Amino acid sequence: MRFLLTTEQRAFADSLDAMLTAADTPSVVRDWSRGDQATGRALWRRIAQAGVFALAAPEAYEGVGPLPVELAVAFTELGRHAVPGPLVETVTATVLLTGLDDPGPAKRRVPALVTGESTATVARAGSYALDGDTATTRLSLTADGALRLAPGHGPVRRSLDPARRLTLLLPGGELLAASSCFAHALLWARLATAAQALGVGLALLDRTVAYVRQRTQFGVPTGSFQAVKHRLADAKVALEFARPLVLGAAVTLDPGDVAAAKVTACEAAYATARTALQLHGAIGYTAEYDLSLWLTKARALRTAWGTPGECREVVLSGGGRRS
Amino acid sequence: MDLTLSRADEAFRAEARAWLDAHVPAEPLPSLETEEGFAAHRAWEAELAADRWSVVSWPEEYGGRGADIVRWLVFEEEYYAAGAPGRVGQNGISLLAPTLFTHGTREQRARALPPMATGRTVWAQAWSEPEAGSDLASLTSRAVRADGGWLLSGLKTWSSRAAFADRAFGLFRSEPNTPKPHQGLIYLMFDLRAPGVTVRPIGRLDGKPAFAELFLDEVFVPDEDVVGEPGQGWHIAMSATADERGLTLRSPGRFLAAADRLAALWRERGRDPLARDRVADALIGARAYQLFTYAAASRSAEGERLGPESSLNKVFWSEYDIAVQETALDLLGEEGELAGTDWSESYVFSLAGPIYAGTNEIQRDIIAERLLGLPKGRR
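Sequence lines, in order, name chains A and B. For the first sequence, our numbering begins at 6 and goes up steadily by one. For the second sequence, our numbering begins at 121 and goes up steadily by one.
If you are wondering where the hints come from, they were derived from the structure by calculation, not from laboratory data. Please read all numbers here as calculations on a predicted model, not as lab measurements. By construction, the Cβ of each residue, glycine as well, lies at the ideal position given by its N, Cα and C atoms. Warning: the hint list may mix true and false statements.
Stated by the list, open to error - The following residues of chain B were derived to be distant from chain A, with all beta-carbon distances above 12 Å:
1) GLY206
2) GLY323
3) SER418
4) SER464
What the hints assert, rightly or not - Taking CB as the label site, the calculated pair distances span:
5) GLY460(B) x ASP149(A): 50 to 58 Å
6) ARG389(B) x THR308(A): 27 to 35 Å
7) PRO299(B) x LEU258(A): 55 to 63 Å
8) GLU422(B) x GLY40(A): 44 to 52 Å
9) ASP29(A) x GLU422(B): 35 to 43 Å
10) LEU180(A) x VAL144(B): 53 to 61 Å
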């Protein structure tokens, strides 16, 4: 039993953090939100070069995976920097495709996902696909479990998170497999979303702590007021107890653990967003101020790939647990 | 990242489980906070100790098994899953003993630890005073130098278990007029039946005498019962409270068992959909606390100290515990208000959690100032 990241895993997180910090992700998010994806795609390729999309793909498909712990580590950093695009969906598509009995569809599409040359989105019938208008590969899952290459997409709906564009996928299209193991891919989708939300929450906390240290009212930093401190302390508690759930879920990939991580990380991030908004005051309520990029993402991730209620249902269906 | 236990740890788990299956009383013991219950729990400590299960993490020479922290966690999981009784010796075992291991003398350990392990000596705490609660360093009870020891005078209060305990440990002012209040304090152990000690039990919320006031009038304490250097008491005590808030006061096993019982109650009572989220959150919180503790234990095994991070722990478990008990009482419907049930006993006990061992307001100040780096300000 050693429930700690290795030195290599920490170094991987640090190198992603440094790369994303240097990349000025807020301006990339702004471009992406306006529909200009050039900077976002360039960043995407660098993330791929760092090895992030290889983590979900086995070696037979040019990957290094499956490495769910490293994936959770990476997605925490992607969330910390509010990286836009169908990140979770590309991982989910990779897991879906590489899990098919027939290796053909994965051989044709996964290597390009690993290198970052292409992106993927995936949606169940009737559900929205993130960036369904621009993703290179659009996978749709029908109610009977068949996996198809969607022939196109419906109208684009804007998300509360301006970096997220949602579309329904058109029915029909090339049949890739009559059945697929969506339940397994969903675990990866939820794990990646949970890790991303954790990163979003950590960034919101960091930015808010920095803000209340320098924002002065009544002649002192607002961060010296106990009413302010205690809200931030509660955010810290919530995030620090979400973190081991996310890492634990990556270790076990148990559906109950993954669902617990998803609901807890998303609720911690969302609670931190509420605190961040309140403690910034009016400036935090503006679209122009970069905090908004994380505030709105925290809301969107809460319901992506499983609402809090759905995740709690999974936890309960697993029943009580001995270690 | 590895959550699997070694074969030896699993064997330890099996051994603990087998012993508990054979020994845990079929009927719950009477409440720990009554005279009869206290005696029954003391006898249970002796039964545990007879087979070296009362203090598994201590060295063998003092009655333990030299278990590392992972095995201690395993033992606690099995202990509470088996529905075993609350631990009357907990104050001593989780607060005084770590202090003696760090700051005590060999002679003090040899004298204090074996009877602590068997429950023959049960320890109470003597920290708070009527005017020194969260601001503990402002305490005014005195220790005055005497021939071969110290004379204690003053009033201690909220002393858990003191109504029926044998001895107490705590902080006293040995040097008046120091520049800072946390200087000039002495940490010592004393007999609750010594001349000059008057114990006045205090009824907690449900009336049970769970704690007491200690009136001290020139109580003689020999030098051999001073822990560490006189004047260094604050430092010595704080190293103990860090441990208290850290890993040893509330093991995950306790909450894993409570969450499982809550989930079972919810199923028995028809899976009330209105309580569904709270029951799920109880299961999730127990798992979060378990994994958080595994992470802390792993860091501790590599020589890291927990430090102010233990304040995260304290806030989490104390509020989690209340939420679990409240949910159970709500599920019980009109039976929820009945006194003397296991759930209501746990509920009343849980309500004190955010208050003792450093109030949660103090913990949040520590988190904000020492973990987040926010400026000190008016409290």
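Go ahead and decide if the range 44 to 52 Å is satisfied by the Cβ distance of GLU422(B) to GLY40(A).
-> holds (49 Å)
In terms of Cβ atoms, is chain A entirely out of 12 Å range of SER464(B)?
-> Given a closest Cβ separation of 21 Å, the condition holds.
Could one say that the CB atoms of PRO299(B) and LEU258(A) fall in the range 55 to 63 Å?
-> holds (57 Å)
Range hint 35 to 43 Å (beta carbons of ASP29(A) and GLU422(B)) holds or violated = holds (36 Å)
Check the non-interface label on GLY206(B): least C-beta distance to chain A beyond 12 Å or not.
-> holds (20 Å)
Are GLY460(B) and ASP149(A) spaced within 50 to 58 Å by their CB atoms?
-> Check passed, 56 Å falls within 50 to 58 Å.
Given the hint of 27 to 35 Å, check if ARG389(B) and THR308(A) actually sit that far apart at their C-beta atoms.
-> Since ARG389(B) and THR308(A) have Cβ atoms about 30 Å apart, the given range 27 to 35 Å holds.
Cβ distance range 53 to 61 Å for LEU180(A) and VAL144(B), holds or violated = holds (59 Å)
Could you let me know if the closest chain A CB is still more than 12 Å away from the CB of SER418(B)?
-> Label violated. Min Cβ-Cβ 4 Å, cutoff 12 Å.
Going by Cβ atoms, does GLY323(B) stay more than 12 Å from chain A at every point?
-> holds (31 Å)
This entry does not satisfy hint 3, going by the numbered hints stated previously; all others are met.
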